[in-house]
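*Asks:* Here is what each chain is made of, one letter per residue.
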Amino acid sequence: MIKVRGLVKAFGVKPVLRGLDFQVDEGEFVAVVGPNGAGKTTLLRILASLTRPTMGEVSLAGLQLPGQSGAARKILGVVSHQPLLYGDLTADQNLRFFGRLYGVAELEDRIPEVLEIVRLSPRRYDLVREYSRGMQQRLAIGRGILHRPELLLFDEPHTGLDPDSADMLDDLLIKVTGEGRTVVMTSHDLIRAGELASRVDILSGGKIARSVKRGEIDPGELNALYYQVTRG
Amino acid sequence: MAEGVGAVGRVGRGSALGGYLRAIGAIVWKDIAAELRSRELLGSMLVFALLVILIFNFALELDLRVRQTVTSGVLWVTFAFAGTLGLNRSMAIEKDRGCLDGLLLAPVDRSALYFGKVLSNLLFMIIVEAIILPLYSLLYNVNLFQPGLIVVILLGSIGYVVVGTLLSAMAVQARTRDILLPILLFPVVLPVLVAAVRATTGILQGLPLEDFQAWLNLLIAYDAIFLGVAIVTFDYVVEE
Numbered sequence: 001m002i003k004v005r006g007l008v009k010a011f012g013v014k015p016v017l018r019g020l021d022f023q024v025d026e027g028e029f030v031a032v033v034g035p036n037g038a039g040k041t042t043l044l045r046i047l048a049s050l051t052r053p054t055m056g057e058v059s060l061a062g063l064q065l066p067g068q069s070g071a072a073r074k075i076l077g078v079v080s081h082q083p084l085l086y087g088d089l090t091a092d093q094n095l096r097f098f099g100r101l102y103g104v105a106e107l108e109d110r111i112p113e114v115l116e117i118v119r120l121s122p123r124r125y126d127l128v129r130e131y132s133r134g135m136q137q138r139l140a141i142g143r144g145i146l147h148r149p150e151l152l153l154f155d156e157p158h159t160g161l162d163p164d165s166a167d168m169l170d171d172l173l174i175k176v177t178g179e180g181r182t183v184v185m186t187s188h189d190l191i192r193a194g195e196l197a198s199r200v201d202i203l204s205g206g207k208i209a210r211s212v213k214r215g216e217i218d219p220g221e222l223n224a225l226y227y228q229v230t231r232g
Numbered sequence: 001m002a003e004g005v006g007a008v009g010r011v012g013r014g015s016a017l018g019g020y021l022r023a024i025g026a027i028v029w030k031d032i033a034a035e036l037r038s039r040e041l042l043g044s045m046l047v048f049a050l051l052v053i054l055i056f057n058f059a060l061e062l063d064l065r066v067r068q069t070v071t072s073g074v075l076w077v078t079f080a081f082a083g084t085l086g087l088n089r090s091m092a093i094e095k096d097r098g099c100l101d102g103l104l105l106a107p108v109d110r111s112a113l114y115f116g117k118v119l120s121n122l123l124f125m126i127i128v129e130a131i132i133l134p135l136y137s138l139l140y141n142v143n144l145f146q147p148g149l150i151v152v153i154l155l156g157s158i159g160y161v162v163v164g165t166l167l168s169a170m171a172v173q174a175r176t177r178d179i180l181l182p183i184l185l186f187p188v189v190l191p192v193l194v195a196a197v198r199a200t201t202g203i204l205q206g207l208p209l210e211d212f213q214a215w216l217n218l219l220i221a222y223d224a225i226f227l228g229v230a231i232v233t234f235d236y237v238v239e240e
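So the sequence lines, in the order shown, correspond to chains R and D.
Per this note's numbering: the first sequence ends with 232, consecutive numbering throughout.
Per this note's numbering: the second sequence ends with 240, consecutive numbering throughout.
These aren't lab readings, by the way, just hints derived from the structure by calculation.
Computed beta-carbon distance windows for the label pairs: (1) R:Q228 <-> D:P187: 51 to 59 Å; (2) R:S59 <-> D:L54: 54 to 62 Å; (3) R:P66 <-> D:F145: 46 to 54 Å.
Cross-link-like lysine-lysine pairs, in silico, DSSO-like; alpha carbons within 30 Å at most: (4) R:K3 <-> R:K74; (5) R:K14 <-> D:K95; (6) R:K74 <-> R:K175; (7) D:K95 <-> R:K74.
Think of the CB as a built atom: it goes at the ideal place given N, C-alpha and C, for glycine as much as any other residue.
Please model the complete structure; the sequences and the hints are all you need to start from.
*Replies:* Okay, structure coming up:
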């Protein structure tokens, strides 16, 4: 589903990604962990075609980026730590807007369906600016899955969530993965990443320094491995 | 109610042009719906425009004949300043909550996003102008209800918004966006302002069309050229 070869991204003269190779198969759930500034968000933004790579090859479902980014965005759902929602619109209006933008079929049926999935049906006509952080993040997930994407990118989705909201998000992530979607999630939470993902990639020095499949090591060992890799 | 996230990849079908127009319409609808709720953008533009014409009215203390000659300048300074305020706010709303990324993720040609923002910015500017014109007429005792003037205001506003939307998308990435936009915008939009002021003066003074036709042509050419430039460059402006 995702193939990245020799990816380099520099901001000015400062390289963030230095010849990164990364592959995700269809239906896989990959968590990318790494210290602040390691390039996790940059990697996700390149996959989402929000940032142009300096060098290297990136393809999603066989579509080359940035050349075929328009087509690639059709199969892509993105949930960031920012909700990407309009506070002055209701949940219904936000989903209606993004649904029109994505050309979602049967939008009138899809909106209540999505609100039910993210458990926000009772607040459908409330302004998003009146939502709690957790509710906004749930609606952001609703926005991300509205057009039924094959590939979901989550950029630190648990940031700022209380434990209940974070657990609810985990339930949703498990549900989404269970339906055969491919998921890439960046996170600082090693335990959560290890529990949710089928593979954890440790990003350090602008490259994927280590890759660990679920079951290969226990959470305590993952922690030790992370510090060993990131502290060099 | 279905609990699943839904079958993968069932995005609605339709022609590319249909999707393009639908995206433009969605952005205009969204901007109007948000503005009806907040009244943030129109409110600030209107108050600012009103203050400008009031200040000029008291500062200049003009007789009727001189008022006829300064009207075009005062009008366009008012529209330009109020317009800058609106352009800044319009793009800041997109940027502040990361909504610009939400727009850029849409599977449509990014020029559709640009056109959508241009149309809503133009709509807000025209609303402000439609309110300011009668007030100006009352305050300055000048008849501004002339069809030719409406055409010039429309052409000038289009040029201003076409360039302003592109540059506001550029400026919004910077921390100093409030200052950056006028610094970037006014030099580029100077031909529009000069042409609009000259054409407005010609109409208000009742000159024959040939006397200010060149300024109208300049406005039309500017609108067309910068629209083309913006369509080609918008994608590069908004992508990191």
